[in-house]
Amino acid sequence: MLGLQAKDFRLLLIVVAMTMLAPFILNPFPVNSAMAQFNAGYPDLMQRFVIFGIFAIGFNILFGLTGYLSFGHAAFLGVGSYAGVWMLKLLTMNVVPAILLSVIVAGLFSVIVGYVSLRRSGIYFSILTLAFAQMSFALAYSVLTPLTNGETGLQLSLDDPRVLGVTQVDGTIPAPHLFGASMRASYDLVLGGWQFTFNVGYYLSAVVLVLAFYLAIRIFRSPFGLMLRAVKSNQQRMSYTGLNLKPYMLAAFVISGMYAGLAGGLMVAMDPLAGAERMQWTASGEVVLMTILGGAGTLIGPVLGAGFIKYFENIFSKINDTVLHQWFGFMPDGLEDVVVFIVHPFIGKGWHLTLGLLFMLVVIFLPGGLVQGGQKIGGLFRRKAPADDSATRKQPAE
Amino acid sequence: MGILEVKNVGKRFGGLKALDNVNLNVMENTVHAIIGPNGAGKSTLLNCLIGKLIPDTGSVMFDGQSVLGRKPHEINQMGISRVFQTPEIFGDLTVFENVMIPIFAKRDGAFRMHAIESVRRETDIVEAAEAMLADVKMLEKRDAHAGSLSRGDKRRLEMAMCLCQQPKLLLLDEPTAGMARADTNNTIDLLKEIKASRPITMCIIEHDMHVVFSLAERITVLAQGTPLVEDTPENIKGHPKVKEAYLGEAAH
Ligand SMILES: Nc1ncnc2c1ncn2[C@@H]1O[C@H](COP(=O)(O)OP(=O)(O)O)[C@@H](O)[C@H]1O
Ligand SMILES: [Mg+2]
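So the sequences go chain by chain: A and B.
So for the first sequence, my numbering puts the first residue at 1; every next one is plus one.
So for the second sequence, my numbering puts the first residue at 1; every next one is plus one.
Some clues are possibly wrong.
[Claimed, not checked] Some chain A residues close to chain B (C-beta under 10 Å, calculated; not the full set):
hint, residue
1, GLN5
2, ALA230
3, GLN236
4, SER239
5, GLY242
6, ASN244
[Claimed, not checked] Here chain A is said to cover these stretches of chain B; the calculated rule only asks that three of the stretch's residues, wherever they fall, bring their Cβ under 8 Å from a Cβ of chain A:
hint, region
7, 61–73
8, 96–102
9, 105–111
Calculated from the structure, these hints are not laboratory results.
We put the beta carbon where it would ideally sit given N, CA and C, even for glycine.
All chains, full assembly: derive it from the sequences and hints.
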């Protein structure tokens with residue numbers, strides 16, 4: 001189907017179902033229940049899930065296939081964001097031109113960064129990409145203030161020209177839209193105690209993610225994808241087989257840079273502002289974590305990793321001591337205080353600590369990431385079922 | 001006129017003269033063996049032919065063109081393939097993928113952006129890869145990870161990968177080193193078959209005299225970076241200089 005093998009097509013269907021039904025899947029708890037704070041089905045967060053999913057899918061095309069670890073991919077996301085905001089300021093509030101320009105500008109920028117960085121491999125390549133990203137951050141933060149509005153960040157204003165659109169509506173800045181459908185428009189479905197929100201911006205991002213995922217599958221299964229895996233496996237054999245590594249690597253680098261730009265453009269479409277902090281090295285590190293946590297080199301891993309980390313960042317960080325006292329209220333008072341005291345460093349602002357520990361556990365026990373964890377669990381079930389064609393699950397790129 | 005002409009090639013590693021004024025002429029469609037004791041500079045000479053090393057002096061002409069100053073992938077595309085002393089294969093990929101890659105390289109050249117099409121639908125590539133694996137009797141291992149193959153199978157796979165490219169010149173660096181007698185005989189048969197079935201020139205480095213005398217039409221003896229003699233197998237066998245420099249030493 002759609003030029004995919006059955007296995008890949010099933011994976012695509014899973015992603016379609018996950019993204020389209022996300023408002024239900026992520027809001028399993030009734031609004032007034034104690035567990036409601038674990039609900040993640042609000043538009044803002046769902047948008048972040050899929051946008052970072054796109055970012056990680058693209059990053060994985062470079063890192064997962066070729067093994068080249070870029071430590072500066074946030075720079076492309078940032079450049080894409082700035083380009084997108086400018087499009088919204090100057091041309092129209094329709095998000096299509098903004099997103100397209102984000103992808104193009106990020107692509108052009110990644111040609112330059114890739115051309116220079118790919119002169120080296122291994123740790124030196126990583127350092128070069130990091131240097132580029134930090135330079136971009138510094139430029140955006142101070143030197144290029146006319147373009148980026150420095151530390152305040154680039155925002156829309158009431159006197160933007162917007163030659164193909166309107167400057168203001170009733171004295172306010174109009175919202176980004178897709179041919180008239182506002183990104184902020186939402187529909188709330190109330191079913192008993194449950195509430196599900198369907199947001200236009202989210203669904204636009206989700207459709208883009210599905211397309212981005214489909215394209216990634218095609219790239220993984222193409223001759224080009226095969227060559228990228230050959231780069232990771234044995235560069236020496238590759239060049240003595242008559243293949244020129246450089247253009248293959250540069251193409252992979254630019255494609256993943258364009259994915260990052262696409263993510264940046266979508267961010268702007270959801271919330272029309274861009275700041276330099278989007279390009280900082282921590283942001284570049286985050287996409288590395290997402291990809292490794294989910295499973296580098298696998299198709300679905302980066303999407304899972306992105307969702308996992310964003311869920312932690314937004315949900316775990318909101319648990320505070322009051323909530324803990326509620327949870328452990330059934331315990332005797334003294335014990336309750338002790339438990340809360342022990343758990344305290346791992347929640348709220350301490351969510352990084354929890355995430356760090358989880359990351360270590362995954363890297364040590366599941367080097368293939370969450371995908372490998374899923375396969376192991378699947379394998380357990382299968383072993384219980386009698387008569388089965390085992391040992392066929394060693395396909396690396398699932 | 002030889003298909004490969006090496007003239008006055010010298011290569012130093014620090015104070016060590018690994019190659020000293022090497023001249024070599026390999027005639028088209030022959031099997032030319034290079035023998036010599038360990039450290040004689042045989043592998044270094046091959047490295048100079050495929051662009052892995054750049055000689056300090058001299059010239060290397062292949063098919064009427066100089067290979068010096070060209071990148072390894074360009075030299076390969078001119079028609080030179082090499083089997084390495086320790087097999088160089090794509091260990092993380094399957095046997096089948098290993099064979100497909102050189103076929104792609106032959107068909108599409110050094111770079112081509114096929115990012116959307118499925119590998120499986122490249123029927124001409126798939127068929128050629130299957131045929132090659134059948135030729136080297138590895139078809140039943142097509143889905144195995146190349147890195148998990150036995151040493152002998154890795155060598156066979158690497159040879160298959162080189163043959164897929166239909167090279168004009170095939171360089172083999174000790175293709176039977178560490179093989180059991182039966183495997184060695186299989187390799188000899190395979191190389192004879194290849195030679196008989198297509199126009200190809202082979203340059204083979206070998207320690208095993210049985211292999212050398214079964215295959216070679218010309219033999220060059222290299223010692224301490226310099227060619228001692230070049231002659232037919234019959235004459236090499238009885239040559240006193242060779243006995244002294246190489247065969248005598250190999251017999252200990
Ligand atoms: N890259 C290198 N750097 C330094 N010395 C080398 C290098 N390659 C080979 N040599 C030296 O050159 C000499 C010839 O090596 P080699 O060509 O591998 O010999 P052979 O293949 O005939 O056994 C040896 O003394 C070896 O140690
Ligand atoms: Mg050697």
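Do the hints match the structure? See the list:
Using the Cβ-Cβ criterion of 10 Å, the hint placing A/GLN5 at the interface with chain B is satisfied: the shortest such distance is roughly 7 Å. Hint status for A/ALA230 relative to chain B: holds, with the closest Cβ pair at about 5 Å, below 10 Å. Taking 10 Å as the C-beta contact cut-off toward chain B, the hint placing A/GLN236 at the interface holds, the least distance being around 6 Å. For A/SER239, the shortest C-beta to C-beta distance to chain B is roughly 4 Å, which falls under 10 Å, so the interface hint holds.
Taking 10 Å as the C-beta cut-off, the interface hint given for A/GLY242 holds, the closest approach to chain B being about 4 Å. The restraint placing A/ASN244 at the interface with chain B holds, with a minimum CB-CB distance near 4 Å, inside the 10 Å limit. Under the rule that three or more residues need a Cβ within less than 8 Å of chain A, the assignment of the region 61–73 of chain B holds, with 3 such residues. Figure legend: the region 96–102 of chain B, annotated as covered by chain A; annotation consistent (4 residues with Cβ-Cβ distances under 8 Å, at least 3 required).
Coverage of the region 105–111 of chain B by chain A holds [criterion: at least 3 residues with CB-CB distance below 8 Å; count 6].
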